[in-house]
Amino acid sequence: MGQRFSFSTDSRLERLSKISEFVEQAARQCGLDDHQVYDVQMAVDEACSNVIEHAYEGKPNGKIEIVCEKQNDEFTVTIRDTGKPFDPTRIAPPKTKAPISERDIGGLGLFFIHQLMDRVNFDFSKNGNRLTMVKRIPPR
Amino acid sequence: MNPQIVLLCPQGRLDAWTARQLGTDLEKHLSHGQTRLIIDLRNTRYISSHGLRVLLETQKHAREIGGGLKLCGLNPRLFEIFEMAGFDRVFEIFETVEQAEQAFAL
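Same order as they appear, the protein sequences are chains A and B. Under our numbering, the first residue of the first sequence carries the number 3, and numbering increases by one thereafter. Under our numbering, the first residue of the second sequence carries the number 3, and numbering increases by one thereafter.
Hint data in this document are derived by calculation from the structure and do not stem from the laboratory. Hints should not be assumed to be uniformly reliable.
[To be verified] Where chain A lies over chain B, by a calculated footprint (3+ residues, C-beta under 8 Å): (1) 6-19; (2) 25-31; (3) 67-78; (4) 94-104.
[As the list claims (entries may be wrong)] Incomplete in silico selection of chain A near chain B, CB under 7 Å: (5) 15; (6) 51; (7) 93.
Predicted model, so just to flag it, every value in this text is computed and none were measured. Built from N, CA and C at the ideal position, the CB exists for glycine as well.
Model the full assembly from the supplied sequences, consistent with the hints where possible.
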């Protein structure tokens, strides 16, 4: 039997802490440990920051829908918005080994999402953007 | 504390929203010629890429004007995030404020 939790909010950066609280509660109820909860919270925080700043370009009245689901040994977060489509292939990966003078300030959010989650998929249609991120829950 | 060094202790989360305020505070110090900065992260439980960017921009700016930014008090999870992004190579990271302060004196 799967578990499902949903949350929706407007597109303001002030909402990030509420989003994080929702994700933490859902992830804990689905049995993720502290480390996994942090991973998922951070991935969702980075993704929602991107939606607010890039998809909705800072406009506060956009809608963000977040669904957390557990099926078997997978915890899946789906984030939907109706802002500008986001093409992750256009974002250059950050230079994580470069000296400070060569460090750019972009690309880190997407880098963390891929590092922290096991599967990541971006999907765009006329109905909006959908990001699906999966965290595998190892047996204890 | 050496009066020429500024110590900041951000609380809780450094996300895209709260990092803006920290960035404004840090820039204010730099514009007033306070170029030696220590950020004590012992009460910071979360930092996103936005928080890291603010620290990176501050470090670059501080070094340009002859100062620098040193960090201390990171919990193990925060340190892991710094390592993941390679930020442990960009910053001098100390356990305590006293150690960070002494490093400025060297």
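Status of each hint after checking the structure:
no.	hint	result
1	6-19	holds (count 4)
2	25-31	violated (count 0)
3	67-78	violated (count 0)
4	94-104	violated (count 0)
5	15	holds (4 Å)
6	51	holds (4 Å)
7	93	violated (12 Å)
Comparing the model with each earlier hint shows violations of hints 2, 3, 4 and 7; every other hint is respected.
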